[in-house]
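Colleague: Chains as they are written, first to last, in UniProt numbering: chain A, 1 to 134; chain B, 1 to 134.
Be aware that a few hints might be false.
Since the list gives no way to pick one copy over another, a pair counts as held whenever it fits inside one copy or between any two copies.
As the list claims (entries may be wrong) - Simulated pairs of lysine-lysine, DSBU-like, Cα-Cα distance not exceeding 35 Å:
| # | residue 1 | residue 2 |
| --- | --- | --- |
| 1 | K95 | K122 |
| 2 | K71 | K108 |
| 3 | K52 | K95 |
| 4 | K95 | K114 |
| 5 | K95 | K108 |
These aren't lab readings, by the way, just hints derived from the structure by calculation.
Protein chains: 2
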Amino acid sequence: MIGRLNHVAIAVPDLQAAVAQYETTLGASVGAPQDEPDHGVTVVFIELPNTKIELLYPLGENSPIQGFLDKNPSGGIHHMCFEVEDIIAARDRLKGEGARVLGTGEPKIGAHGKPVLFLHPKDFNGTLIELEQV
Amino acid sequence: MIGRLNHVAIAVPDLQAAVAQYETTLGASVGAPQDEPDHGVTVVFIELPNTKIELLYPLGENSPIQGFLDKNPSGGIHHMCFEVEDIIAARDRLKGEGARVLGTGEPKIGAHGKPVLFLHPKDFNGTLIELEQV
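The following block holds chain A by itself, in its conformation from the complex (with noise of 0.2 Å):
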């Protein structure tokens, strides 16, 4: 069922230190920050041949990565992001299976225009993953 990982999202405390350390430090390809004030983020993506790395950034009031930092004051990888084809099929095997599905269970339009859906890390080792229908 899921396809590729579409990305790694790390939460971090200085979005220009970590623009720098990708950058300069390990020479990867940084793209420009994008405000996404939909989702309380702002995020930059790092553009590596087989995927992406996204690092996210508290914007405004209730971000929903503030008590991530809060928790992690150095930063950490907040989840990973796989591809799936139908994303109403994937939550209906999920549920099928015992899998919880964050919120309401339906799809939101996540920062990239697409359709996602998140798990919940109890039931995944510990790691949040997001589910885009692409």
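Following the hints, position chain B against chain A.
Modeller: Only chain B this time, still in chain A's reference frame:
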């Protein structure tokens, strides 16, 4: 400098349960467990179309991931691995940029039989980065 994302490694407290989550619940292609006594882990590779997930489970006494599981009893993402063409050149560039290489600074032969180095998580947003020469 960094190339492909070779794998994302996840430390898991119950290997059989983790295999079932990826194989049955997420419908991914999951390999057979491989004991790596020299590295103190049993690994299972999950093949995605563009990269791999590596499940890590402690093997024997003094497994390097036991401490991680003690701190994260549900498991969690342990590290991510980027490919480099020349690990000595990569190390020297990183040290020149002030990044800390773990251990002696000399590459070791990793679980895939190739030279690897690990970078200090505090220099990279709380994420442990492995570099592998491919």
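Colleague: Now tell me if each hint is right for this structure.
Modeller: Hint check results:
no., hint, verdict
1, K95 <-> K122, "within (14 Å within a copy, 38 Å between copies)"
2, K71 <-> K108, "both (26 Å within a copy, 33 Å between copies)"
3, K52 <-> K95, "both (28 Å within a copy, 25 Å between copies)"
4, K95 <-> K114, "within (21 Å within a copy, 40 Å between copies)"
5, K95 <-> K108, "within (17 Å within a copy, 43 Å between copies)"
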